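Protein chains: 4
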Amino acid sequence: MRASSRAAVLEEFGRDVAVREYEVPGPEPGAVVAGVDYGGVCGTDVHLRHGRLPIPVPVVLGHEAVGHVEALGDGVGSDALGGPLAEGDRIGWASSIACNRCYYCLIEQARTLCTDRVVYGINQGADEWPHLSGGWADAIYLRPGTTVVRIPDDVSSEQVIALGCAGPTVAHGMARLGPVPAGGVVAVQGSGPVGLAAAMAARLRGAGRVVVLGAPANRLRLATELGVADAAVDITEVTDPAERLERVLPETEGGQGADVVVEATGDPGAVAEGIDMCRPNGRFLVLGQYTDQGSTPINPHRLVAKQLALTTAWGFDASDYVAFLRSLPELTARFDLARLVSVYPLQRANDALADVAAGTVTKAALAPAH
Amino acid sequence: MRASSRAAVLEEFGRDVAVREYEVPGPEPGAVVAGVDYGGVCGTDVHLRHGRLPIPVPVVLGHEAVGHVEALGDGVGSDALGGPLAEGDRIGWASSIACNRCYYCLIEQARTLCTDRVVYGINQGADEWPHLSGGWADAIYLRPGTTVVRIPDDVSSEQVIALGCAGPTVAHGMARLGPVPAGGVVAVQGSGPVGLAAAMAARLRGAGRVVVLGAPANRLRLATELGVADAAVDITEVTDPAERLERVLPETEGGQGADVVVEATGDPGAVAEGIDMCRPNGRFLVLGQYTDQGSTPINPHRLVAKQLALTTAWGFDASDYVAFLRSLPELTARFDLARLVSVYPLQRANDALADVAAGTVTKAALAPAH
Amino acid sequence: MRASSRAAVLEEFGRDVAVREYEVPGPEPGAVVAGVDYGGVCGTDVHLRHGRLPIPVPVVLGHEAVGHVEALGDGVGSDALGGPLAEGDRIGWASSIACNRCYYCLIEQARTLCTDRVVYGINQGADEWPHLSGGWADAIYLRPGTTVVRIPDDVSSEQVIALGCAGPTVAHGMARLGPVPAGGVVAVQGSGPVGLAAAMAARLRGAGRVVVLGAPANRLRLATELGVADAAVDITEVTDPAERLERVLPETEGGQGADVVVEATGDPGAVAEGIDMCRPNGRFLVLGQYTDQGSTPINPHRLVAKQLALTTAWGFDASDYVAFLRSLPELTARFDLARLVSVYPLQRANDALADVAAGTVTKAALAPAH
Amino acid sequence: MRASSRAAVLEEFGRDVAVREYEVPGPEPGAVVAGVDYGGVCGTDVHLRHGRLPIPVPVVLGHEAVGHVEALGDGVGSDALGGPLAEGDRIGWASSIACNRCYYCLIEQARTLCTDRVVYGINQGADEWPHLSGGWADAIYLRPGTTVVRIPDDVSSEQVIALGCAGPTVAHGMARLGPVPAGGVVAVQGSGPVGLAAAMAARLRGAGRVVVLGAPANRLRLATELGVADAAVDITEVTDPAERLERVLPETEGGQGADVVVEATGDPGAVAEGIDMCRPNGRFLVLGQYTDQGSTPINPHRLVAKQLALTTAWGFDASDYVAFLRSLPELTARFDLARLVSVYPLQRANDALADVAAGTVTKAALAPAH
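Top line first, the protein sequences correspond to chains A, B, C and D.
Following our numbering, the numbering of the first sequence begins with 1 at its first residue and continues without gaps.
Following our numbering, the numbering of the second sequence begins with 1 at its first residue and continues without gaps.
Following our numbering, the numbering of the third sequence begins with 1 at its first residue and continues without gaps.
Following our numbering, the numbering of the fourth sequence begins with 1 at its first residue and continues without gaps.
Honestly, the hints are just simulated from the structure, not real lab data.
Just so you know, not all the hints are guaranteed correct.
Unchecked claim - Examples of chain D residues lying across from chain B (beta carbon under 7 angstroms, computed): (1) V76; (2) N100; (3) L106; (4) I107; (5) Q109; (6) T147; (7) S319.
What the hints assert, rightly or not - Taking lysine to aspartate or glutamate and the DMTMM-like style, the derived pairs with C-alpha atoms no more than 25 angstroms apart in a straight line are: (8) C/K306 <-> B/E108; (9) C/K306 <-> C/E243; (10) B/K306 <-> A/E108; (11) B/K306 <-> A/D116; (12) D/K306 <-> C/E243.
Bear in mind the structure is a predicted one, so any value in this text is a computation, not a measurement.
Cβ atoms here follow ideal geometry from the backbone N, Cα and C, with glycine treated the same way.
Throw the hints in and build the complete structure from the sequences for me.
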């Protein structure tokens with residue numbers, strides 16, 4: 001186990017992150033010290049940097065990551081699936097630990113609504129022990145209670161990071177949505193990591209035809225080339241929602257609308273548009289409204305007259321993370337996930353953040369060893 | 001079987017209905033001629049009279065009704081539940097016959113979205129044979145394919161009509177919502193027949209606390225006296241949505257919001273308000289947006305951040321009607337349904353319509369025999 | 001807080017329990033010391049006494065209990081529902097604490113399958129600190145992580161203990177079963193606490209007609225008098241399963257069978273019988289097969305030809321316990337639960353066990369203060 | 001449209017089928033005359049020939065078929081999905097027409113339990129008009145109410161017949177089962193058409209690992225070569241159920257058992273074995289117990305202690321048939337379905353029956369045009 005680790009630290013909102021050095025604590029019983037192979041850079045990190053969420057600073061960023069075991073605390077001999085775990089094993093871990101005491105953990109069993117979660121890379125200040133609580137670092141200290149899963153041999157670490165936290169977020173959404181109709185039509189609004197992950201997840205569950213609406217053009221092209229999307233609509237090109245609807249409906253059975261629509265844009269206006277894309281008796285999964293951007297005009301009569309069901313999902317918990325990891329061998333067999341990833345060395349974290357903010361990369365990942 | 005029957009006919013939109021006389025056809029095989037005991041008057045009838053829906057005229061109104069068998073066509077020896085059926089038996093019937101051929105009937109099995117339904121009292125013109133296709137009449141001709149159910153002896157015909165089409169509409173909504181948490185809190189927006197039926201249905205399924213928001217005051221008082229509502233908020237008195245929320249939340253566990261909210265107002269603005277009344281991880285059943293009143297500002301972030309599920313239901317089909325009838329013995333044992341009903345003779349159909357339009361009665365019913 | 005507490009201890013399998021005295025530890029942070037008002041005696045306690053389950057001895061028995069707060073550890077200011085908690089408050093608590101680390105807790109979210117649960121009154125030896133880990137005592141030490149709920153004022157402690165662990169076990173079963181059809185027919189096999197709790201739970205959720213099959217006669221009479229059962233079949237009187245079926249079917253709609261059957265007997269043979277009591281497309285909830293009594297002949301063709309769904313539930317977790325407590329105000333408003341209870345002073349624990357074994361009481365409860 | 005059609009007729013139970021000639025009626029309004037491209041031969045046909053089911057004779061056999069439009073009755077301009085339909089179009093059709101009047105059609109909406117279905121190739125006697133009511137013929141008369149679907153251009157008629165009625169039967173089962181966990185483990189008992197269709201359907205819905213138990217060896221080899229099965233157990237080789245369990249468990253995560261088990265054998269004993277193959281909290285879909293072969297020893301404690309849910313499905317209806325057809329483009333993209341099919345000319349129907357009875361072919365299909 002290494003004695004010290006570099007970490008990319010957000011010290012003050014609005015400022016660049018800085019690389020600092022921390023001592024790596026030996027793992028207490030139940031804990032794991034992991035070397036980081038890739039730390040994903042997510043749109044949320046851009047928001048965090050700008051201070052749009054109430055988090056402690058300084059903080060080691062990086063809520064998405066994949067790595068390998070450097071040291072195991074006493075009592076840690078197996079992963080969350082019951083398989084053996086040893087030094088050197090490649091692992092992923094759920095980004096949060098729910099409190100298991102609050103009403104939402106214990107009674108509702110909706111742990112993503114836990115009011116007292118530990119979230120790596122977000123709400124654990126770097127000034128507090130064990131300091132290394134984020135994935136943008138050579139090493140991360142995974143506390144007792146972290147859900148750690150060994151990565152199957154046929155899945156590369158790059159493939160794990162390719163969808164970042166979008167993968168498990170979508171797994172959660174799919175669990176709440178229920179079955180995708182085999183051979184049915186799914187429309188996905190948004191072509192960022194959540195949109196692409198939703199499109200892949202829908203295909204994996206048997207969707208027959210997937211239409212993706214989003215931008216920029218190169219991301220849509222990638223989605224088509226990877227076999228994720230059967231059809232794509234570039235929203236920078238087709239800017240009128242009515243016209244977009246006219247592009248989507250002919251892709252659906254009898255022009256009636258999609259069996260399932262997944263919203264993954266973050267734009268409130270997409271919700272009204274998505275309602276119009278659903279077929280009567282359809283289902284609408286809204287995944288993308290993570291920040292409060294205020295109200296948008298929605299006509300509830302259209303929901304009711306088509307008898308739609310609208311489902312939402314907030315983040316993901318340990319079971320969603322595992323569900324996603326479990327689906328990775330199938331995903332990687334079907335889609336060349338590595339093509340989504342742009343790798344940066346740790347010291348170029350600010351460049352990665354800038355590229356994510358600009359949308360010039362699909363998925364940025366810091367690779368400390370590079 | 002009587003030879004002729006009076007019927008209250010809407011001959012022209014915007015005009016009063018007029019009582020006309022029609023010959024009663026003998027029932028063809030599979031058909032039933034029913035004497036009408038009560039024909040309910042629904043808010044929809046007010047809309048129909050004003051020509052707000054595209055229906056044929058002249059038309060015998062009356063999509064809600066209860067009566068008794070006057071004559072059975074060949075081959076009709078049992079009701080939809082398999083019990084024996086004989087002349088004189090008191091019966092109810094589903095107001096619509098789905099086509100069983102269209103995509104929504106056959107493939108989606110969502111018969112309320114059937115594109116080719118027969119609906120008594122609405123889309124069967126009085127000029128067409130068999131003329132008597134509405135419940136505001138001495139007799140109605142129930143075609144082959146109508147779902148006819150014998151009324152249990154311990155349920156009066158007045159109790160059947162008390163909730164009108166609101167009863168089966170709510171049964172449909174509850175089927176789509178899934179279980180009401182036993183002992184949980186349900187908030188109902190609206191105190192018309194749908195709202196009252198929803199509150200009763202929630203209690204019947206085990207709700208522990210029901211809060212009703214609506215108007216006018218006498219309807220809320222009735223809801224409280226009948227044991228339907230534990231708490232009521234008069235929206236003509238508390239006109240500010242924020243203040244209404246402050247009245248509802250303290251009625252819920254930990255002030256967190258209702259486990260289930262049911263919207264039954266028809267007012268688009270109620271949807272945003274209902275979202276705020278839901279607890280995190282709650283469920284929202286939107287039942288009341290039957291007419292298109294345009295868009296309303298809704299904040300999708302609030303749906304997602306609370307991880308809500310929003311369900312809708314459009315009308316009801318034969319199975320919902322039967323589900324409602326089946327629940328009537330339990331409903332009548334708990335709630336004095338007859339208190340909801342104001343009875344008018346057939347020739348006073350226009351007075352009944354006026355009183356429904358004015359909201360001065362909870363449930364108006366025409367009783368041809370009175 | 002009292003300094004010491006008596007406790008009824010099973011010191012050796014097959015022997016009588018003995019009353020011993022233990023010091024009451026002051027509560028650590030997160031813990032609660034509760035005075036016990038009633039400690040229920042369950043059929044499982046009879047099995048435990050005979051050593052039929054691998055538990056540590058000596059052990060303070062009592063996995064069902066209700067009491068009041070004697071002392072609150074630091075940080076405990078509210079109950080599991082978020083309401084305030086203070087000394088003297090009457091409380092109930094879930095009998096187990098799931099580990100929140102194992103595959104079944106974390107990934108399947110099926111905490112009743114947790115492989116490492118703390119279970120009060122069962123798997124916490126009396127020789128280990130804090131010694132007072134069972135409900136057959138003046139006081140019990142509730143560890144951090146215990147789900148504690150304040151009892152509503154309108155529910156007596158006797159009413160809480162009346163269904164014992166059967167109440168939350170049935171709440172779990174109902175959650176897995178899904179909605180009971182309002183006005184539908186439910187057949188319950190078994191008239192012990194689980195059977196009675198299932199019948200009540202079904203009624204609470206809207207069942208229209210409940211048939212109970214069981215014994216002895218006085219328990220069935222009680223079920224009928226309390227309004228729990230509409231019809232009862234005494235299995236000691238009608239000993240032939242085919243004849244029992246002939247008694248049950250006429251109670252169901254069209255003689256087709258019950259919409260829902262709940263098995264709560266513990267007798268393997270009841271499963272085949274219950275399958276025959278289900279209507280086509282019905283649902284069968286098997287709750288009673290807790291001990292392994294070997295195989296029984298079952299005809300799978302009957303399951304498939306009727307297209308049945310068979311669901312099971314194993315024990316209950318914190319959320320089921322809370323769901324049950326939440327439903328108590330409704331249950332107590334409808335059923336005189338206190339009539340089920342026979343109270344014994346703590347020192348008569350062996351008599352209570354004997355009476356439970358003999359089936360001469362419906363629900364025995366030890367009341368240390370008596 | 002041809003004037004007359006040959007048909008393979010079962011004239012008497014236990015005898016060979018004979019080729020007869022019938023006049024082809026012109027289609028009444030709503031009806032379709034279809035030329036048959038392939039008529040599938042199913043295990044059920046073997047049973048029918050031996051008189052094991054109460055059907056009318058003489059009868060044109062063939063409940064599975066695929067063909068093309070020869071003549072459309074008045075009013076038939078579109079298929080069940082709303083797409084245009086014209087002479088020459090290749091089509092499939094649901095084998096049954098539910099009555100839409102009985103309790104199971106109308107109220108339970110479980111049309112596979114309809115008590116009065118028309119079933120092509122099974123319950124429509126050849127002596128009755130329109131005579132040509134089975135698929136083992138040059139042409140079949142599809143009555144008004146038949147669910148007809150146009151076959152997509154990228155799916156061949158041979159691919160449609162490859163799974164026969166097993167495809168829609170499994171679609172029904174999957175609908176009742178609910179989602180297959182993406183990346184999860186599915187064990188399928190049986191390697192006949194239902195077993196193979198179940199394995200494919202599970203993969204299509206995201207299963208990560210599929211284990212098939214069955215025989216004979218060549219069928220298992222085919223399943224492996226087609227990518228349907230990841231592992232196969234030959235039950236003629238491993239004849240001890242305990243040993244089979246030892247072969248299956250290591251294929252599952254942590255040796256805990258399959259997330260989903262599908263029974264498709266028809267052997268009652270497979271049910272007890274399947275229960276043991278399920279992981280705790282798993283789901284068991286029993287599809288194969290179509291004939292009554294009596295009781296088998298089952299231990300209900302094992303169901304409950306593992307908290308299993310057991311689901312069944314009986315046959316399929318129009319919506320299941322459409323669901324299957326919809327999934328065919330995805331299925332054919334992944335699996336070389338045509339490899340399952342052995343084609344026989346119509347006059348060799350008896351040879352086809354003999355080969356199906358002997359298990360020497362996976363799927364036999366009569367091709368009248370050959």
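- Which earlier hints can't be squared with this structure? 1, 12
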